[in-house]
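Engineer: Sequences and hints are given; from them, build the entire structure.
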Amino acid sequence: MEVNITAKGDSKVVKLVGRLDTVASPEVTKALEPIIEDATGTIILDCSEMTYISSSGLRIFLTLRKASLAKGGKVIVRSINNDIRTVFMMTGFLNLFTIED
Amino acid sequence: MKLEGVDKKALLKPALAGAALVIVAVLTLEGTAILQYAFSHKGLKEEASLRAESQLEATRNQILDVIDQAETAVRNNIWLASWCLEVPDSLHRVAERLVEDNPVIVGSTVALVPGYSRKLPLYAPYALREGDGVVLKSLAGEDYDYPSQEWFTKPVETGQGYWSEPYIDEGGGEILMTTYSVPIRDKKGNIAAVLTADLSLDWLTELVGNVKVYPNAFSIMLSRTGQFMVCPAETLVMHRTINEFVGGLEGDKRDIDSLAKAMMSGKEGNMPIRYKGATSYIYFSPVERTGWSMSIVIPDTEIYGGVRRIGLWVKILQILGILLIILIIYSVFKNSLKYRAMNASREKMESELQIASAIQMAMIPKIFPPFPERKDLDMAAAIVPAKEVGGDLYDFYIRDEKLIFCIGDVSGKGVPASLVMAVTRSLFRSFSAHDFGPAHIVQTMNESMSADNANNMFVTFFCGVLDLKNGHLRYCNAGHNAPFMLTDKISELPVQSNIPLGVLPGFEFSEQEVDMAHDDAIFLYTDGLNEAENINHELFGTDRVKAVLRTRRGSMEHLNAVNEAVREFVGEAPQSDDLTMLFIHYTSTDEQSPEKRSLVLDNVIAEISKLAPFVDSIADEKGLDPSLAMSLNLALEEAATNVIMYAYPEGTNGPVCLDAVVGKDTLEFILSDKGIPFDPTAKPDADITLGVEERGIGGLGIFMVKNIMDSVSYERSEDGKNILTMIKKI
Chain A
1 MEVNITAKGD SKVVKLVGRL DTVASPEVTK ALEPIIEDAT GTIILDCSEM
51 TYISSSGLRI FLTLRKASLA KGGKVIVRSI NNDIRTVFMM TGFLNLFTIE
101 D
Chain B
1001 MKLEGVDKKA LLKPALAGAA LVIVAVLTLE GTAILQYAFS HKGLKEEASL
1051 RAESQLEATR NQILDVIDQA ETAVRNNIWL ASWCLEVPDS LHRVAERLVE
1101 DNPVIVGSTV ALVPGYSRKL PLYAPYALRE GDGVVLKSLA GEDYDYPSQE
1151 WFTKPVETGQ GYWSEPYIDE GGGEILMTTY SVPIRDKKGN IAAVLTADLS
1201 LDWLTELVGN VKVYPNAFSI MLSRTGQFMV CPAETLVMHR TINEFVGGLE
1251 GDKRDIDSLA KAMMSGKEGN MPIRYKGATS YIYFSPVERT GWSMSIVIPD
1301 TEIYGGVRRI GLWVKILQIL GILLIILIIY SVFKNSLKYR AMNASREKME
1351 SELQIASAIQ MAMIPKIFPP FPERKDLDMA AAIVPAKEVG GDLYDFYIRD
1401 EKLIFCIGDV SGKGVPASLV MAVTRSLFRS FSAHDFGPAH IVQTMNESMS
1451 ADNANNMFVT FFCGVLDLKN GHLRYCNAGH NAPFMLTDKI SELPVQSNIP
1501 LGVLPGFEFS EQEVDMAHDD AIFLYTDGLN EAENINHELF GTDRVKAVLR
1551 TRRGSMEHLN AVNEAVREFV GEAPQSDDLT MLFIHYTSTD EQSPEKRSLV
1601 LDNVIAEISK LAPFVDSIAD EKGLDPSLAM SLNLALEEAA TNVIMYAYPE
1651 GTNGPVCLDA VVGKDTLEFI LSDKGIPFDP TAKPDADITL GVEERGIGGL
1701 GIFMVKNIMD SVSYERSEDG KNILTMIKKI
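Each protein sequence line maps, in turn, to chains A and B. When we follow my numbering, the leftmost residue of the first sequence carries the number 1, and every step to the right adds one. When we follow my numbering, the leftmost residue of the second sequence carries the number 1001, and every step to the right adds one.
If you are wondering where the hints come from, they were derived from the structure by calculation, not from laboratory data. One or more of the hints may lead you astray.
[To be verified] Computed cross-link-like contacts, DSBU-like style, restricted to lysine-lysine with a CA-CA straight-line distance of at most 30 Å: (1) A/K66 <-> B/K1706; (2) B/K1706 <-> B/K1375; (3) A/K66 <-> B/K1683.
The structure displayed is predicted, hence computed values, not measured ones.
Structural biologist: Right, here's the structure in full:
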C-alpha cells in the first residue's frame, strides 16, 4: 500500500494506492498521523488507485473525518471504484463523506 | 341472573308469547266463569219462580178450601134460615147449628132486617164457640148497632154473599177474624135477614206465615183494602195498610209502590223490586172471592247467594290458577333465558377454542410445498386434532442449508395439551436457532421443560437436522415412535428411545446419525396414526402404514394416501387421539460431491494476506464476477480478523481454519478456531444511519460479513471449537 501526501495551499491530497486491508491499515494510520493531528483545511482522499478497503480502512477514513470535523476542516473522497462504492453504501459511509468523481 | 350475550330483542318474543298466553288463559277462565254464572243464574231464577209460584198456588188453594167450606156451610143453612123466618124466635137455632156443625166457624148470627118482624124489630142472636160448647149471645144491644155494620149492609145492598174485611175480634180473644155474610130472603123474595159465619184467621196466619220457599223468604197477605193480614213485621198486621206503609218509606220506593198497586188490583204475576240497593223478587196472586192478595218475597241473595258464594270461590281459584300460570310461564321463560345464556356462553367458548386452534395452527408451517424453489427437498405434513385444539406438533425450517425439523406428541388432549404444544414449539424454535445438534437441542428443551413441570405433562419428541448439501441426518429421539425410512425398502429408523421431554431434568440424550441418499424419504408420525381405532377397537397398526407407504408417490400424495387409508379404516368411530404426519423427501440435486478446500492461518494479522489468493482461486474456478470475489474476500477478511483479534487472548496461539465447500450453487465457508468461546453474530449490528460524531469506530466488520453472505451462523462445537459458517449463493 502506498500513501502519497501532497499539500496544495490550504488543501492536502492523500493518494492511496493498492489494497487498504487489515494488514495495510497500521502503516496507513501511521502515514496519516500528521494529517489527523492537523486536520484543518480540505483533505482530499484520492482513491483512484485504491482497489480494496476493509473495515479497518474505513475506520481510518472515519477517524480522519472526525478529526477534520473537530478542526472545522473538510474531507473529500475522490474517485472511488464501484466495488468500494458498494462497501461505502453498505456501511452508510456515503452519507458521512463528500464523494467526488 | 346475568345474561351475557343474549340479544335484548330476542327476549321480546318469548316475553310477548308469555304475556299472550296469560291473557288467553285469563280470558278463557273468565269467559267460562261468566257463561257458567249466567247459565246457573238463569237456572236459579227459573227454579225460584217455579218454587214460588207453585207454593203460591198451593197456599191459595188451601185458603180457598177453608173459604169454600165456610161458604158452603153458610149456604147450606140458607134454606133453614128462610124457613125459620116464619118463626123468628127459632132463628138462633140456625146460628147455633152452623157453629156446632162447622169447626172452622167460630161464631154465627142471623140478623133480621130491622122492621121485618113487628114483634122483633131488632133481632140478631149470635152463637159463639166457647171451649167445647156453644153459647148464645145477642148482637142487638144498645152499644152495637148491627144494621149499620158492613157485614150486614153489604149483602142487603147487593143481595150477594160478602166476605168482610179481616178484623181483630176484641170480644172474642183478640184473634184475627173475617166474616162471611149472605142475605136471607123470605118466600116473597125480599131480603129479610143476613146469615153470617165468623171465621178465625189464625190458621191463615199460620199457613201463610209458614210458607218458606227459602230460609229468608217470607210471605205477605193483604186484604182488599190493603191491610197487612200476614206479614213478618207483626206490628204492621191489622194496623197498617200497604199504602200507609209505602207512604212511610224513604228513598226510591217506586218499585214497592207499583207492587202495591198490582196486588191491590187483584193481579197475578211477579216483579223484581229494588229498594235501598237490595233486590227481591216478588211473586203475587189474588185469593178469589175474598179480595185478598198473597205474595211471596224472595231476596235475590237467597236465590243467588249460593251461586255467588261459589262464584267467589271460582274467582279465588281463577286468580290462583292465573298466578300459577304466570309462575309457570315465568319459570319456563327464565329457563329458556338461562338456556339461551348457556348456549351463548358455550358458543363463545367454542369460538374461542376455534380461535385458539387457528392460532395454534398458525404456529406451524402449513403451506405445501413449503420450499417450492428447492429441488432437493419435498415435504408434506398434516395435523388432525381429535378435539378443537390438539397436543401434537411438528415444525421445520431451513437454516444454513440444513433442514431442522421435529415432531412431537404432548401427553393428554385438548386445551392443556395445546398449551404445552405451543410452549414446546417455541422452545424448539429458540433453542434450535443457534444449534445444529439435535441432541443438544433436545437436551436444552428437556432442561427447560422439566424444570417447572408442575402438571407432569410430557412430550414425546423427535428432532432431526438434515444437511441438505450432503443428506447427512443427525437426529435425537425423546421417547417418540421411530419414523419410517423409505429407501428402496421401508424400515423403521433405528432409534434410541431416550425419555420423553419434561420427565427428568439432567438426562443425557443420545444422538444418532444416518446418511440419506438421493430420493430417500423419511416419514414421521404420532401414535394417533398407528393407534387409530375402528369401531371394533382394532388398531390401524404400523403394517398398514407401511403398506400404504410402499406405493411411492409424491410427498403430499403419500400423506393423503395414508390419511385416506386411516380414515377408511376408522370409519364411524370417533377419533381418539390427535394424528400428525410429517413426510420429508430428500432429492439431492448435487450429483457430484462438493469440493472442499482448506486454509489454515496463524492468529496474526499478517496472515490475512493469504485470504485474497485463496478466494481468488475459488472465484477463478467458478468463474465468479470480480466484484463478488472482492466481496467474499472482504467478508472472509473481516471474519478472520475478528477471530485473530478476539478468539485467542494475548500471548496464546492457535490455528484459524477456513474450509470452503464449493457447491454447485453455493459457497460455504466454515471458519473454525480453538479459542475462547466467541460468537461474533451475537454482537449488535452497527447503526449505519448515525452521523459522523455519533458513529462508533468499531462493529463494522461482522456487519459487513452478514451483509455480504446469505447466511451466517455460529456454533460452539462439542470438542470446543468456535464454528462460524458462512454461506453465499452463487
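Engineer: None of the hints should be skipped; say for each whether it holds.
Structural biologist: Now the hints, each set against the structure:
| no. | hint | in the structure |
| --- | --- | --- |
| 1 | A/K66 <-> B/K1706 | holds (26 Å) |
| 2 | B/K1706 <-> B/K1375 | holds (26 Å) |
| 3 | A/K66 <-> B/K1683 | holds (24 Å) |
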